[in-house]
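Participant: Chains as they are written, first to last, in the UniProt record's numbering: chain B, 1 to 158; chain V, 1 to 413.
There may be inaccurate statements among the hints.
[Claimed, not checked] Only pairs whose alpha carbons sit at most 16 Å apart, straight line, appear in this in silico EDC-like list of lysine to aspartate or glutamate:
no.	chain 1	residue 1	chain 2	residue 2
1	V	K368	B	E112
2	V	K393	B	E102
3	V	K401	V	E385
4	B	K129	B	E46
5	V	K367	B	E112
[As the list claims (entries may be wrong)] Where chain V lies over chain B, by a calculated footprint (3+ residues, C-beta under 8 Å):
no.	region
6	66 to 75
7	80 to 93
[Said to hold, decoys possible] Across the chosen pairs, the derived CB separations fall in these ranges:
no.	chain 1	residue 1	chain 2	residue 2	range
8	V	R391	B	E102	18 to 28 Å
9	B	A75	V	G349	47 to 57 Å
10	B	V73	V	E316	35 to 45 Å
11	B	E102	V	D48	52 to 62 Å
12	V	D48	B	K131	32 to 42 Å
13	V	K376	B	E72	45 to 55 Å
14	V	K179	B	K149	54 to 64 Å
15	B	L111	V	S348	42 to 52 Å
Since the hints were made in silico from the structure, they are not lab data.
Quick reminder that beta carbons are idealized off the backbone N, C-alpha and C, glycines included.
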Amino acid sequence: MAMAASRSLWASRAASFLRISTFPRAFSTVLKDLKYADTHEWVKVEGDSATVGITDHAQDHLGDVVYVELPEVGASVTQGTNFGAVESVKATSDINSPVSGEVIAVNDELLEKPALVNGDPYEGGWIIKVKVSNAGELNSLMDDEKYSKFCEEEDSKH
Amino acid sequence: MRGLLACATLARRAAAASSTASSTAARRHLAGAAEVAEAELKKTALYDFHVAHGGKMVPFAGWSMPIQYKDTIMDSTLNCRANGSLFDVSHMCGLSLQGRQAIPFLESLVVADVAALKDGTGSLTVFTNDKGGAIDDSVVTKVNDHHVYLVVNAGCRDKDLAHIGAHMEAFQKKGGDVKWHVHDERSLLALQGPLAAPTLQLLTKEDLSKMYFSDFKMIDINGSACFLTRTGYTGEDGFEISVPSENAVDLAKALLEKSEGKVRLTGLGARDSLRLEAGLCLYGNDMEQHITPVEAGLSWAIGKRRRAEGGFLGAEVILKQLKEGPKIRRVGIFSQGPPPRSHSEIVSGAGENIGEVTSGGFSPCLKKNIAMGYVKNGLHKAGTEFKVVVRGKQYDAVVTKMPFVPTKYYKAP
Numbered sequence: 001m002a003m004a005a006s007r008s009l010w011a012s013r014a015a016s017f018l019r020i021s022t023f024p025r026a027f028s029t030v031l032k033d034l035k036y037a038d039t040h041e042w043v044k045v046e047g048d049s050a051t052v053g054i055t056d057h058a059q060d061h062l063g064d065v066v067y068v069e070l071p072e073v074g075a076s077v078t079q080g081t082n083f084g085a086v087e088s089v090k091a092t093s094d095i096n097s098p099v100s101g102e103v104i105a106v107n108d109e110l111l112e113k114p115a116l117v118n119g120d121p122y123e124g125g126w127i128i129k130v131k132v133s134n135a136g137e138l139n140s141l142m143d144d145e146k147y148s149k150f151c152e153e154e155d156s157k158h
Numbered sequence: 001m002r003g004l005l006a007c008a009t010l011a012r013r014a015a016a017a018s019s020t021a022s023s024t025a026a027r028r029h030l031a032g033a034a035e036v037a038e039a040e041l042k043k044t045a046l047y048d049f050h051v052a053h054g055g056k057m058v059p060f061a062g063w064s065m066p067i068q069y070k071d072t073i074m075d076s077t078l079n080c081r082a083n084g085s086l087f088d089v090s091h092m093c094g095l096s097l098q099g100r101q102a103i104p105f106l107e108s109l110v111v112a113d114v115a116a117l118k119d120g121t122g123s124l125t126v127f128t129n130d131k132g133g134a135i136d137d138s139v140v141t142k143v144n145d146h147h148v149y150l151v152v153n154a155g156c157r158d159k160d161l162a163h164i165g166a167h168m169e170a171f172q173k174k175g176g177d178v179k180w181h182v183h184d185e186r187s188l189l190a191l192q193g194p195l196a197a198p199t200l201q202l203l204t205k206e207d208l209s210k211m212y213f214s215d216f217k218m219i220d221i222n223g224s225a226c227f228l229t230r231t232g233y234t235g236e237d238g239f240e241i242s243v244p245s246e247n248a249v250d251l252a253k254a255l256l257e258k259s260e261g262k263v264r265l266t267g268l269g270a271r272d273s274l275r276l277e278a279g280l281c282l283y284g285n286d287m288e289q290h291i292t293p294v295e296a297g298l299s300w301a302i303g304k305r306r307r308a309e310g311g312f313l314g315a316e317v318i319l320k321q322l323k324e325g326p327k328i329r330r331v332g333i334f335s336q337g338p339p340p341r342s343h344s345e346i347v348s349g350a351g352e353n354i355g356e357v358t359s360g361g362f363s364p365c366l367k368k369n370i371a372m373g374y375v376k377n378g379l380h381k382a383g384t385e386f387k388v389v390v391r392g393k394q395y396d397a398v399v400t401k402m403p404f405v406p407t408k409y410y411k412a413p
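With the sequences and hints as input, model every part of the structure.
Facilitator: Have a look at this one:
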């Protein structure tokens, strides 16, 4: 599973470097050790620190990301509430925080290279790190399998 | 961005921003009625062709149209300027006015000097209301003294036809000789970009090198009787081809094949980026009922004779604005920060409201934010600095001349 996931992540990254569009794909990459919100953000928890980004599915639907609006370090974020925005050529989308807490780092590299969100949504395209104030909130998020199904169901509606 | 409509938050803004279009489509989204309306959406003759080519279909002005295909909007925009694009624009409404007084009749409703056009040439024009505001913009072609051919916006079709129809009835009652034909039996393809002419040339005997920007001909293309206009909505050289609907798919296939895959099917998403880069207005965003052609920067489309004589709806208002200058003006804008979008506020350095953005986005060609909007007269000159407000924050912006990307129309030497 993890192998398959990382291989297809590589494929999507390679495709994006080669400027080959893999859209629309039946399945976007979902990583096993992350948690997912129904607004298409992922969170990776290490101790009391959580890294947040948008999913492969989300970036795939948005298309080329041209700007990422980041919060200030020290700002507080609340689960399910908007903390920033991603802009693609045509659309603006809010980013919600999957967890509550204090922003302890933001990915400044996105100011220069917003396309990292497309090419590397789970690594180089991370958006903020949060010091989690309520670990219990993580229980309300989806695991990889549930999120994959959620995306399939959403796509099949359209 | 139909697919995103499902995602709660990511979707909502995307839907609003990407209904690039007509106020009709935007209103539908806002009303949350998109799902209901879907069943009633009209389909062009190329609908199945779009779906088979990966077209992502969205509701647009009552039609189901491709917003993009497999290429991203960024790639599609760049490819149009490097090679070429093929758009299905059959949702737009082709209309012929015929009769001995077809031209005087049309001139009572638009600002163009139609009579002065040479046979087989056209111009951009504006239908005005009695306050001088724009009912729609349209490309009008004088086929000959007794026949004009128009293409009006899909989103304005119903109100345009009602407006023209009502005035035509009154005109006929006074003995005027004019009748209309709406070309619902035809489809409209737009072929744009540097490969447009060489590709199209392979499908017609007509010498396209002698046909210049805004020229019109009724000719055989790929074996069917087409109306060909050298025009478009991208700033590139190109054509709009009105083709009998039963031959539309064959023509689309032939154009793609003859270009050896370099001309790509392109959706409404890239079409909007392209027209914005070319500084062209989108009716419903950059032009509305309350905006006059003078405010919109389209004074050049008001014929000399029309300025002297008037004789179109709202002429008093428009002629006065021509003389004294309008209170607001449409401008091009470069800005820092996130791309401004329609309805972003424009403020002075002191924070005072001085206008509003009507279209904006990231330019795939220039790799920076471009926008157009309306500001108070006097603040419209290139180099004027102000701020645009995006999500409550102010970002530096400066007025710049349009087009943002140089146009490449094939003009007569």
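Participant: Falls inside 45 to 55 Å, the C-beta gap from K376 of chain V to E72 of chain B?
Facilitator: violated (34 Å)
Participant: Using the beta carbons of V73 of chain B and E316 of chain V, state whether their distance is inside 35 to 45 Å or not.
Facilitator: Violated - the Cβ-Cβ distance for V73 of chain B and E316 of chain V, about 59 Å, lies outside 35 to 45 Å.
Participant: Hinted pair, alpha-carbon criterion (16 Å max): K368 of chain V, E112 of chain B. Please report holds or violated.
Facilitator: Holds: K368 of chain V and E112 of chain B sit about 12 Å apart, inside 16 Å.
Participant: Under a C-beta cut-off of less than 8 Å, do 3 or more residues of the region 80 to 93 of chain B approach chain V closely enough to confirm the stated coverage?
Facilitator: Check passed, 9 qualifying residues.
Participant: Hey, K129 of chain B versus E46 of chain B, does the alpha-carbon distance stay inside 16 Å?
Facilitator: Roughly 10 Å between the alpha carbons, so the hint for K129 of chain B and E46 of chain B holds.
Participant: Can you confirm whether the C-alpha distance between K393 of chain V and E102 of chain B stays at or below 16 Å?
Facilitator: violated (21 Å)
Participant: Verify the proposed pairing of K401 of chain V with E385 of chain V, using a straight-line Cα cut of 16 Å.
Facilitator: This hinted pair holds, its Cα atoms lying about 13 Å apart.
Participant: Between the beta carbons of D48 of chain V and K131 of chain B, is the distance compatible with 32 to 42 Å?
Facilitator: violated (53 Å)
Participant: Within 47 to 57 Å: is that where the Cβ-Cβ distance between A75 of chain B and G349 of chain V falls?
Facilitator: violated (27 Å)
Participant: Please test the hint of 18 to 28 Å on the beta carbon pair from R391 of chain V and E102 of chain B.
Facilitator: About 21 Å separates the Cβ atoms of R391 of chain V and E102 of chain B, which means 18 to 28 Å holds.
Participant: Taking a Cβ-Cβ distance under 8 Å as contact, does the region 66 to 75 of chain B have three or more residues in contact with chain V?
Facilitator: Coverage by chain V holds here, the residue count being 3 at a Cβ distance below 8 Å.
Participant: Check whether the Cα positions of K367 of chain V and E112 of chain B lie no farther apart than 16 Å.
Facilitator: With Cα atoms ~12 Å apart, K367 of chain V and E112 of chain B stay inside 16 Å; holds.
The structure is inconsistent with the numbered hints 2, 9, 10, 12, 13 and 15, although it conforms to all the rest.
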